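Protein chains in written order, with our numbering: chain A, 1034 to 1118; chain B, 1034 to 1118.
By construction, these hints were calculated from the structure, which means they are not laboratory data.
Fair warning: this is a prediction, and the values are worked out from it, not measured in the lab.
Be careful, since some hints might not be right.
Where chains are identical, the list cannot tell them apart; a pair therefore holds if satisfied intra-copy or between any two copies.
Below 30 Å or equal to it, Euclidean Cα-Cα: the simulated DSBU-like pairs (lysine-lysine) are [to be verified]: (1) K1065 <-> K1112; (2) K1060 <-> K1112; (3) K1062 <-> K1112.
Protein chains: 2
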Amino acid sequence: MDNQILGLLAAILTTSAYLPQTYKVAKTKSAKDFSWMWLIFMWIGIFLWFIYGLRINNLPLILANGISIISLTIIGVVKYVYRQS
Amino acid sequence: MDNQILGLLAAILTTSAYLPQTYKVAKTKSAKDFSWMWLIFMWIGIFLWFIYGLRINNLPLILANGISIISLTIIGVVKYVYRQS
Chain A
1034 MDNQILGLLA
1044 AILTTSAYLP
1054 QTYKVAKTKS
1064 AKDFSWMWLI
1074 FMWIGIFLWF
1084 IYGLRINNLP
1094 LILANGISII
1104 SLTIIGVVKY
1114 VYRQS
Chain B
1034 MDNQILGLLA
1044 AILTTSAYLP
1054 QTYKVAKTKS
1064 AKDFSWMWLI
1074 FMWIGIFLWF
1084 IYGLRINNLP
1094 LILANGISII
1104 SLTIIGVVKY
1114 VYRQS
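Just chain A, same shape as in the assembly (with noise of 0.2 Å):
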């Protein structure tokens, strides 16, 4: 299997793997599973990941951590937004 269609594969499948919670937190408005320490490790994580990608020029980072970073930002808005119910 070529590099690029490997690299391709693993992005859908991880990044795929945050849209059912990602779709269920926007739904209930409700983020009280994602605790705040997490959220931020992975968001700035993954914005590293996806600068790095950029820098070395490689599609599956940039593509898999370009779309996780928007799953984290609707995760990390709603439980700001919605702290108090």
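With the hints as your guide, set chain B onto chain A.
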């Protein structure tokens, strides 16, 4: 910042984000917060990232996913072994 350092920093952040949960799962012998679907998608995805990292000889990818595979395997084993409780 040198690319390798940037990649290793990203690897440390996204890998260590899972350590508290892995520790909690191992200590409480409960992995109910994790769905099987998420675990399987992530396990296969991270395993493919690990192989991809080996193939393109990328240290950050090898380290991050090599350690994450261990975390996920611990969570999966606990979830299976203590599934009745």
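Each hint, compared with the structure:
1. For the identical chains of this complex, K1065 and K1112 are neighbours both inside a copy (7 Å) and across copies (21 Å), given an alpha-carbon limit of 30 Å.
2. In this assembly of identical chains, K1060 and K1112 lie within 30 Å of each other by CA distance both inside one copy and across copies; the values are 12 Å within and 27 Å between.
3. For the identical chains of this complex, K1062 and K1112 are neighbours both inside a copy (8 Å) and across copies (27 Å), given an alpha-carbon limit of 30 Å.
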